[in-house]
Structure formats: structure tokens, C-alpha cells
Amino acid sequence: MPRKAPKRILSTLDSLTSFPPEPPLPSSQTIACISQAQGKNLFTCVLPSGDTILGELAPIFRGKAWLRRGGYVLIDTATFEVRENKIGGQIVNVVRNEKDWRKMDYWPKEFVDRQFDEEYESEEESNMGKLPPSSDDDDE
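Once you know that position 61 of the sequence shown is 60 in numbering that gives the first Met the number 0, the rest is easy, because the numbers rise by one and skip nothing.
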């Protein structure tokens, strides 16, 4: 059975991820959207420019924070600039309270509010309440 994390570590994680950092962000840090999990601590993330980057989860979050596809993270690319490998940055913060993060000046305009988009798309593509096409229309 896995060991539970001490309460002091969990409270530190809660304080790190509950509130967004104060503006401005350092130039090496950017917000990215998780597109796919690549391994235990590796995630493919999409930057606001549309480029993909492989991000490694910071050791403080490993085994304690759950990241899901479509979630947002804060990536620091300066930590991996000197190393020559596939990893392009380190995930230094996890966006938990997205509503507060979206109010910040540094939130990218490319990441629109996905709740509205999903509701709009689901209304167009939904077949609920519609009758299937009848074959009587073809006979006439």
C-alpha cells in the first residue's frame, strides 16, 4: 500500500495551486494546455502559439497532483534550455481554480473559455429528440 503524503506537503501543494502567481510572469514561464500523458511524469502540452512541448512534472507534484487532458499548467522552459533532450520544460504549477487564473493579465487569449465552446458544439451535433431520416422521402 502506498504511503500517504504528510499533511504539511499537502497544505503546501494546496497553497501553491489554489491562487495564481502575481503578475507579471517571468519570460521563461507560460501557461499551456495538457493534450496527452506520455509517461509517469511526462505530459505533452500545447502552448498558446500552437506549438507542442514535452513537460516534466516538478518533483513536488509527483504522486500528489492529478493532471487531466484539457487541464492547464504553468511551464518553465528555462530549466531545460541547457539540457539537450526531448523535454522542453518543467511543469511548475497546476491550474486548479481556473476562474481566478483567467482573470489575470497573463492568461493567453488563445485559450478561450472552453465551457462555452463545448456547450455550443454539443447543441449543434446532438441528435437527441430528432427522428431518424425516413425512407419514405426517397420513394417519392
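Calculated from the structure, these hints are not laboratory results.
Check before you lean on any hint, since a few could be wrong.
What the hints assert, rightly or not - In the DSS-like style, the derived pairs of lysine-lysine whose C-alpha atoms are separated by at most 30 Å in a straight line are:
id, residue 1, residue 2
1, K129, K98
2, K108, K98
3, K85, K108
Here the structure is a predicted model, which is why all the values come from computation and not from measurement.
Evaluation of the provided hints:
Restraint check for K129 and K98: the C-alpha separation of about 35 Å exceeds 30 Å, so the hint is violated. With a C-alpha separation of about 14 Å, the suggested pair K108 and K98 falls inside the 30 Å cut-off, and the hint holds. Taking the CA atoms of K85 and K108, the gap is near 27 Å; set against the 30 Å cutoff, the hint holds.
Against the hints set out earlier in the document, a violation occurs for number 1 only.
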